[in-house]
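As they're listed, the protein sequences go chains E and S.
When the letters of the first sequence are read in order and numbered with numbering that gives the first Met the number 0, they come out as residues 0 to 287.
When the letters of the second sequence are read in order and numbered with numbering that gives the first Met the number 0, they come out as residues 0 to 355.
In case anyone wonders, no lab produced these hints; they're calculated from the structure.
As the structure is a prediction and not an experimental result, all values here were calculated from the model.
It is possible that part of the hints are untrue.
Now the stretches of chain S that chain E is said to cover, found in silico as 3 or more residues with beta-carbon under 8 Å [stated by the list, open to error]:
(1) 76-89
(2) 104-118
(3) 326-337
Some chain S residues well away from chain E (every beta-carbon gap over 10 Å; in silico) [what the hints assert, rightly or not]:
(4) 52
(5) 55
(6) 56
(7) 57
(8) 143
(9) 151
(10) 173
(11) 179
(12) 264
(13) 276
(14) 301
(15) 305
Glycine included, every Cβ here is placed at the ideal spot set by N, Cα and C.
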Amino acid sequence: MDKTVNQKAWFMLIPVLVLVGFSAVIPLMTVVNYSVQDTFGQNVFFWAGTAWFEQILHSPRFWSALGRNLIFSGLILAIEVPLGIFVALNMPKRGIGVPFCLVFMALPLLVPWNVVGTIWQIFGRSDIGLLGWAVDAIGIDYNYVSDPVDAWITLIVMDVWHWTSLVVLLCYAALVSIPDAFYQAARIDGASRWSVFRYIQLPKIQHVLLIAVLLRFMDSFMIYTEPFVVTGGGPGNSTTVLSIDLVKMALGQFDLGPAAAMSLIYFLIILALSWVFYTVMTNHEARQ
Amino acid sequence: MARIDLDHIRHTYTASPKSEADYALKEVDHSWHDGGAYALLGPSGCGKTTLLNIISGLVTASEGRILFDGKDVTRLSPQERNIAQVFQFPVIYDTMTVFDNLAFPLRNRTMPEADVKRRVDEILAMIDLGDRAHRKARGLTADQKQKISLGRGLVRSDVAAILFDEPLTVIDPHMKWMLRTQLKQLHRQFGHTMVYVTHDQTEALTFADTVVVMYDGEIVQIGTPEELFARPKHTFVGYFIGSPGMNVVPVTLDGGTAHVDGEAIALPAPPRERPQAKTELGVRPEFVRLTRDGMPFSIDTVEDLGRHRIVRGHLGAHAIAAVVPENETIPAEPRVTFDPAGINLYADSWRMELEG
Numbered sequence: 000m001d002k003t004v005n006q007k008a009w010f011m012l013i014p015v016l017v018l019v020g021f022s023a024v025i026p027l028m029t030v031v032n033y034s035v036q037d038t039f040g041q042n043v044f045f046w047a048g049t050a051w052f053e054q055i056l057h058s059p060r061f062w063s064a065l066g067r068n069l070i071f072s073g074l075i076l077a078i079e080v081p082l083g084i085f086v087a088l089n090m091p092k093r094g095i096g097v098p099f100c101l102v103f104m105a106l107p108l109l110v111p112w113n114v115v116g117t118i119w120q121i122f123g124r125s126d127i128g129l130l131g132w133a134v135d136a137i138g139i140d141y142n143y144v145s146d147p148v149d150a151w152i153t154l155i156v157m158d159v160w161h162w163t164s165l166v167v168l169l170c171y172a173a174l175v176s177i178p179d180a181f182y183q184a185a186r187i188d189g190a191s192r193w194s195v196f197r198y199i200q201l202p203k204i205q206h207v208l209l210i211a212v213l214l215r216f217m218d219s220f221m222i223y224t225e226p227f228v229v230t231g232g233g234p235g236n237s238t239t240v241l242s243i244d245l246v247k248m249a250l251g252q253f254d255l256g257p258a259a260a261m262s263l264i265y266f267l268i269i270l271a272l273s274w275v276f277y278t279v280m281t282n283h284e285a286r287q
Numbered sequence: 000m001a002r003i004d005l006d007h008i009r010h011t012y013t014a015s016p017k018s019e020a021d022y023a024l025k026e027v028d029h030s031w032h033d034g035g036a037y038a039l040l041g042p043s044g045c046g047k048t049t050l051l052n053i054i055s056g057l058v059t060a061s062e063g064r065i066l067f068d069g070k071d072v073t074r075l076s077p078q079e080r081n082i083a084q085v086f087q088f089p090v091i092y093d094t095m096t097v098f099d100n101l102a103f104p105l106r107n108r109t110m111p112e113a114d115v116k117r118r119v120d121e122i123l124a125m126i127d128l129g130d131r132a133h134r135k136a137r138g139l140t141a142d143q144k145q146k147i148s149l150g151r152g153l154v155r156s157d158v159a160a161i162l163f164d165e166p167l168t169v170i171d172p173h174m175k176w177m178l179r180t181q182l183k184q185l186h187r188q189f190g191h192t193m194v195y196v197t198h199d200q201t202e203a204l205t206f207a208d209t210v211v212v213m214y215d216g217e218i219v220q221i222g223t224p225e226e227l228f229a230r231p232k233h234t235f236v237g238y239f240i241g242s243p244g245m246n247v248v249p250v251t252l253d254g255g256t257a258h259v260d261g262e263a264i265a266l267p268a269p270p271r272e273r274p275q276a277k278t279e280l281g282v283r284p285e286f287v288r289l290t291r292d293g294m295p296f297s298i299d300t301v302e303d304l305g306r307h308r309i310v311r312g313h314l315g316a317h318a319i320a321a322v323v324p325e326n327e328t329i330p331a332e333p334r335v336t337f338d339p340a341g342i343n344l345y346a347d348s349w350r351m352e353l354e355g
């Protein structure tokens, strides 16, 4: 049977094309436009070719900021994923504890990023912050404003506080969907607690866990607000991640060309790493 | 292999039971002989799975004791009781191969790897999955998965008992028959105590030497398939076993005669007791005769099943089914009589003994 071909159907796509055009393609092309030109304002532009890209890729400042991003994402994934699984495993599966735990876990996720930053900025201060004061009081020299290690610890603890809940909630949802018969069979088979986790729980939460890892990686790699509010990238440049450096360059130094080139590189890195994650995930599933 | 004694077991899922109705399992006091093949038969929600889980140790009974070969195991875990259990829906370890799935219960008990291999290969041959032994269990069909679950139940040869909780629900009919035959063979070969929970009377009657019928949290009758058919102890057993189930008609008793709607039915013998309770007469369709004389009967439908016909009709206000062999004709204006050999009397749903 022949199908009627009607090319007019393409017109149906116009609204979505317009929307995507204005929200994504046009702004992105503006950035592309800046990245290959030089300007001193007054809408005067000079062709710069790939000069800005070369400059960024050769600048130690870019590579060290990228390094900080990778270390930050690596550390928070290494803490939040195991901790999230551990908390999810220990949450009650039924009874009145369930709604209490769920609300308690959802709370940090509901706080806006800049508020989280402000909370920890004050919380960690050694003069008026409860945490900073208490840590100093027990004899540990802690000051995130002057000590790079303390600044990093503060940022990581803050991120763990803010986002572990996401991993917990996703894993918990997968865990409660495992039928009781699996646990009963494991008891009959004489499985140890570790075997139950390794052969029943882990395979069942694997899918959501990969989604959680992907979300947390992308989010943490693009982190801006919290370090901006808490440390402002300091002390020195010790917590200057790519996004903070980018804003410094674009708005602080008004180097629009290099900043645009850097945004594109930053964008491509995130795209490439997300693609790698996605491919690894789907290949892993296909093999099974 | 063990003899299992249930010593005044009761179970409730509520914290503070107030009445008998709060008990999911009413008092059970019963012994399962070593090496017996038992079926627990009953409708959904009658407490049969609860009873099974109490035997395996997944549930600890609220009251009473459970003994394996005279040893109190009431507080022991399933592993310490050394029980195997197969569940209604396939439980497999997704990330393991078929072989590892079957080896899992053995390796957890630190059996030497050579023995594990020998034992698993035997089971693989039995469930006919030898060619898939080293494939991941995840991609298999539901009935292959259930065969793995069955295999895991059978793989340990030293278990006290093997419990089956409606294991063939997800298996297609042809395979069902084969697996049931294999289970039966296995039982003859190794003599494990086997308890098989089902709501399917065919499955129960073909698998078991002894069928335990449960209804509303209570064991109503324990007997051989023949006993359940010929002398149901409770009207429920009459309904539930047999196809169609037993006809039950409310009657008033007067010595050796039962009266229903002004019609008199002669009993083989008068009942021993004269209860004040609600009395009923039960007769299986196989013992209902359609004749030219007897009680008035109106036919509603006739189902022809080839070998016999099932005639459904009414005696007064009471629905009656009769089984008529294919070579017998149904009279044009039929009336109905009950064969005295098939008449059972019930007081408050429980069977009354007759004199003599």
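Q | Non-interface claim for residue 143 (chain S) versus chain E (Cβ beyond 10 Å) | A | Residue 143 (chain S) clear of chain E: closest Cβ-Cβ about 16 Å, beyond 10 Å.
Q | Given as non-interface: residue 179 (chain S), which should sit over 10 Å from chain E by C-beta | A | The assertion about residue 179 (chain S) holds, with a minimum of 21 Å to chain E.
Q | Reported absence of residue 264 (chain S) from the contact zone with chain E (all CB gaps over 10 Å) | A | The claim holds: residue 264 (chain S) sits with its nearest Cβ about 50 Å from chain E, beyond 10 Å.
Q: Test the statement that residue 151 (chain S) is away from the interface with chain E: the closest C-beta pair must be farther apart than 10 Å.
A: 7 Å, violated
Q. Taking the minimum C-beta separation from residue 57 (chain S) to chain E, is that value above 10 Å?
A. Non-interface label fails for residue 57 (chain S): nearest chain E Cβ at 5 Å, not farther than 10 Å.
(Q) The output says residue 276 (chain S) does not contact chain E. Does that hold with a beta carbon cutoff of 10 Å? (A) Non-interface label on residue 276 (chain S) holds, nearest chain E Cβ at 41 Å vs cutoff 10 Å.
Q.
Would the non-interface assignment of residue 52 (chain S) survive a Cβ cutoff of 10 Å against chain E?
A. 8 Å, violated
Q. Would you say residue 305 (chain S) is clear of chain E, with no C-beta pair closer than or equal to 10 Å?
A. The claim stands: residue 305 (chain S) keeps its Cβ more than 10 Å from every Cβ of chain E (closest is about 40 Å).
Q | Verdict on chain E covering the segment 76-89 of chain S, where coverage means 3 or more residues with a C-beta closer than 8 Å | A | holds (count 9)
**Q.** Check of the segment 326-337 of chain S against chain E for coverage (Cβ-Cβ below 8 Å, three residues minimum)
**A.** violated (count 0)
Q. With d taken as the least Cβ-Cβ distance between residue 173 (chain S) and chain E, does d exceed 10 Å?
A. With a cut-off of 10 Å, residue 173 (chain S) remains clear of chain E, as the shortest Cβ separation is near 25 Å.
Q. For residue 301 (chain S), which was marked as not at the interface, is the minimum beta-carbon distance to chain E over 10 Å?
A. 44 Å, holds
Violation of the numbered hints given earlier is confined to hints 3, 4, 5, 6, 7, 9; the remaining hints are satisfied by the structure.
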